[in-house]
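S.K.: The lines below spell out each chain.
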Amino acid sequence: MSDELRAILVMLCAVNPAAVALAAKGRIDSRQIATVTGVAAIGLALVAATVSSGVLELLGTTEPSFQLAAGVVMMGMGLGALVWPGTNRAFAGGWREGIFPLAFPMVFNPAVAVGVVHYGASDGVFAGVSLAAVGVIAAVGFAWFAGERWPRAMEAIARMTGAGLVVLAVGLVVESVKSV
Amino acid sequence: MLDPVMRGLLVTILLWGAGAGVLRAFAVPPERCPAVTADEAMAAALAAAGWITRSQGADGSYVYEYNVAKDANVPGYNEVRHAGVTMSLYQLAAAGQPGFLKAADTGLGRMIANLAFFDDRAILKEPGGQTYKTGSSALMLAGLAQRRIATDDREYDELMRQLGRFLVSMQEPVGAILAAWDPSTRAPVPGERSKYYTGETFWALALLERVLPGEGWDVPALAAADYLALHRDEAEGLDYPPWADQWAAYGLAEVAAWPGPPRLRAAHVEYARSLAGRFGLLVRVESRRTNSDFSRLVRGPMARAAGMGTWGEGLGSLWTLASTDPRIADLRGPIGDRAVCTAGMLVARQYESDDEAGAAGADGAWFRDSLTRMDDQQHAISALLLAATILDERGEH
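So the protein lines, in turn, are chains A and B.
Just so we're aligned, residue 1 is where the first sequence starts under our numbering, counting upward by one.
Just so we're aligned, residue 1001 is where the second sequence starts under our numbering, counting upward by one.
Source of the hints: derived by calculation from the structure; they are not laboratory data.
It cannot be assumed that every hint is accurate.
[To be verified] Derived lysine to aspartate or glutamate pairs resembling DMTMM-like cross-links, with alpha carbons at most 25 Å apart:
hint, chain 1, residue 1, chain 2, residue 2
1, B, Lys1195, B, Asp1226
2, A, Lys178, B, Asp1330
3, A, Lys178, B, Asp1233
4, B, Lys1195, B, Asp1059
5, B, Lys1102, B, Asp1039
6, B, Lys1125, B, Glu1172
7, A, Lys178, B, Glu1065
8, B, Lys1125, B, Glu1192
9, B, Lys1195, B, Glu1236
10, A, Lys178, B, Asp1337
11, A, Lys178, B, Glu1270
12, B, Lys1102, B, Asp1363
13, B, Lys1102, B, Asp1153
14, A, Lys25, B, Asp1003
15, A, Lys178, A, Asp123
16, B, Lys1102, B, Glu1155
17, B, Lys1195, B, Glu1126
18, A, Lys178, B, Asp1239
19, B, Lys1125, B, Asp1059
20, B, Lys1125, B, Glu1158
21, B, Lys1070, B, Asp1363
22, A, Lys178, A, Glu4
23, A, Lys178, A, Glu63
24, A, Lys178, B, Asp1003
25, A, Lys178, B, Asp1152
26, B, Lys1125, B, Asp1182
27, A, Lys178, B, Glu1236
28, B, Lys1195, B, Asp1218
29, B, Lys1195, B, Glu1172
30, B, Lys1102, B, Asp1157
Chain B with its partners taken away, still in its complex shape (with noise of 0.2 Å):
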């Protein structure tokens, strides 16, 4: 029979040893990084961009969304994701990966295609849409200054400025973009934003400040930086700021890349240290989710490659700023493993036909219930892309 003092000690190593299992359980489970190289980054991005062109049509589009369980396409397609798988693209070009290029430019075909000019301005359409959206006609310039980074072909330099100057004419004063044209009256559909638009015009009017400086891209381009920084998530209602916007990273760091002295704020700054909290935040989750039922039920499900390449995207940026400006330096090699680590969970969650009987079609992307849609692999390019440059830089090939 132990005493009472005995009893006790074993009672409190008991419920001290039940306390840890239970914080093990929910609140530290582990975070799971695959390892992965350059090369494999690289790779599963070169897989990724195999998937988006073996079936793309004549008229440039690509296949919008597949079930690989029936092996289906799920019909519907959207233009803004035309242009961010096109600009994708593109980003593996001046990634040094020209292999892509004849495909993008045959989706940027179809771009040119559905084209409205007015004045001196360029806007993509949106077929069958009585309004165009804007973000269409920013990635669609996002993606060809990618293209003139990749070939400095100058064939598209007016077009580029033609969607610029439409771009800018969406811009409010507070630095907003405003998220829709409307045809049937030339002008922009007044007080409509989207959470994604100002962010993507804001990285496109900063590339083309790199490919045609000079001209006057800056100041709305640090506009939009501005109301992004300081307005954007209380002004347009987004819950628990800051909404986690890798197309504003992708700007920020466009914009410490200009030369001449910085141009970047302190308020830019704070803001790119907060999305990089952000991104941690979500890729650490992330991590630690698995495909359990004890999983799926404590932590949800896992999360679409979409999601995470947007993550590794919003990293990736974040790290080429820290690796510029020193006011955030001191971030960078947290951001560096974060963007990693959500690199080596694409390469380890990506399809391959060896995985399961059949459905070869299906290699080098990703899916979720079966499902996958071409912004998963969009995404999902442009994060390995830049997590390979991380661990190029790291030695880790």
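The following block holds chain A by itself, in its conformation from the complex (with noise of 0.2 Å):
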């Protein structure tokens, strides 16, 4: 498998398409709420690339160590997944709940962000972006045109994108722990 392959397989596991449309319970339903979710999420996926070189210097790291830490929260991620596919959170209504809950955290989650500092701060910032908005665009999309329907078939994909996570990110540590 290309390094690009893989860099996109991660970004599509982190984000999780099935699990957003199993969280999101059908409320990416309108072109207003899909396009403020995916103009936020991918916003803080841009600020996140921008500021990765900054964040590893700031936290004294090296990308080694960064990748190593990044394979710690996405396997956590994805066992997450694994185990409680899709997650209950309170929507507000309205265009704002495109910002929060659903792009921040729902599609902007935590193996999302340290995946785009990674990706970065080791490849570049459009790549880190690049990579985000391929996840991001996919989720959005997966989640408008699911809503609420095949909540099984969302819960078993979703768990298998969490297991195909955690191996990704397996090869992530191993990288880590194998690179100068």
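Hints given; two lone chains; assemble the complex.
M.R.: What follows is the structure in structure tokens.
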């Protein structure tokens, strides 16, 4: 598997579109909400990617060490999705729920955050944002399309995606351990 | 009263903050690499050599172990470490610092007095030992080669050949080096290997090929390299491969510098890359350690200088290799960074009598739990010399 394909898979699994669809409970049901959610999540990713190198400098850590930490966070998030796919949250109604809780923290969750910082610091801001955008668009599109339909199928896919994230995160950890 | 949405947002932000705190404390603590210049690294190496030679005995022996809290030497001696310390003093001379050549020659005198000759071979004996360790002879040969590089004096060329022939006679068909020679049977002890000695012998033979080229030392050296790269960790049951073998790194760098077409095979380069990763990890982990109780509890105690020195030697050697072999050139930058980080930590942790009252005799050494052993200084000197080269090349004087 190429590094690029793996990075795309990591970010797709980190966003976990099925888990987003499950947790969104059909709230992404209009172009307006979908746009607000997508723009807000990509905006957060842009901020994270832009400050990624500064974050590592501020933390006084190296790329391989942050990669290990990112892998640990993703493992936790993957296990979380495996056990509890989808979360219950209160929705305020209106377009603002596209920002909270849909964009943050459902789409832009901790796994996505560390992923963007990791890829932003190692491969550049554009790579970090692009990878996040792929995941965000997939999640928002998937949630809009699925609505509240097929909850069991969504749950199964979310669990499988969580398992996939665990596997990919282990790979990130192993790679960081082997890095100079 | 907050509405449920705002409460949810607040709780989310607090949870993210708490998670980031836990991550900071346990997974990404700061990595501290004290700034160091080439001059500071060299000065630290010279100070360490000063500690080694200040109390050198008339027979060439060094202080083996010293307790600074009790201001007392700890009994014991080890011929392999004696050979290693002497070799590091010759490395210093080869790096353009001849001030300790006389002390190194005195240390060499002790080894020459302890040699056993058998057929056309020379073996460094272990006084009082029932068998002789191969590692002593390997490091003696490496030291003599460094002396030859430093002085171009050919006085010991024949002795180097005799030591080389002994080492080759200890090599098994797979390339491994047997660990001990039994004077009672006048033969190697079968089946006994050491995780150190094959790497030491590999490097010694690679150096011998450099100083006495065309005599066939390259063949056994490369056989040892094959064993190290392809079989050693599994054959010797070493956990978490690759075992962090700085001697192998020295040897690989030396082979890469042989004149003529490249002699390192793809498997050797792959092994070098894996070694770089291992040394890098060890340095990254060490750079997070402090003397605080929390750090000791979560990340363990700070490593002794001997351990850090070996990582620095390995990284410095691999940096040399990466400067020569384009197949690993992409790692040259990060390898150099970690080698310099090691040097920075060594310089920062070196004992100076100004630090505490008294014990001026401890200056230049590295202590852990009040103890220092001569190989702490040996490995630190070697690592600092290599780091000084990197810093010099980077223009950081």
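S.K.: Given the hinted pair B/Lys1102 and B/Glu1155, is their alpha-carbon gap at most 25 Å?
M.R.: holds, 15 Å
S.K.: Has the given pair, B/Lys1195 with B/Glu1236, been kept, meaning a C-alpha gap of at most 25 Å?
M.R.: holds, 7 Å
S.K.: Is A/Lys178 within 25 Å of A/Glu63, Cα to Cα?
M.R.: holds, 12 Å
S.K.: Hinted pair, alpha-carbon criterion (25 Å max): B/Lys1102, B/Asp1153. Please report holds or violated.
M.R.: holds, 14 Å
S.K.: For a C-alpha distance cap of 25 Å, please report whether A/Lys178 and B/Asp1233 respect it.
M.R.: holds, 16 Å
S.K.: Does the alpha-carbon distance linking B/Lys1125 and B/Asp1182 stay inside the 25 Å limit?
M.R.: holds, 10 Å
S.K.: Mind checking the alpha carbons of A/Lys178 and B/Glu1270 for me, to see if they're no more than 25 Å apart?
M.R.: OK: A/Lys178 and B/Glu1270 at ~12 Å, within 25 Å.
S.K.: Would you mind confirming whether the straight-line C-alpha gap from A/Lys178 to B/Asp1152 stays at or under 25 Å?
M.R.: violated, 40 Å
S.K.: Given the hint that B/Lys1125 pairs with B/Asp1059, test it: the Cα-Cα distance must not exceed 25 Å.
M.R.: holds, 15 Å
S.K.: CA of A/Lys178 to CA of B/Asp1003, is that 25 Å or under?
M.R.: violated, 48 Å
S.K.: Holds or violated: B/Lys1125 with B/Glu1192, Cα cutoff 25 Å?
M.R.: Given that 25 Å is the threshold and the Cα spacing comes to 17 Å, the pair holds.
S.K.: Please verify whether B/Lys1102 and B/Asp1363 have alpha carbons no more than 25 Å apart.
M.R.: holds, 21 Å
Consistency note: the structure conflicts with the earlier hints numbered 4, 7, 24, 25.
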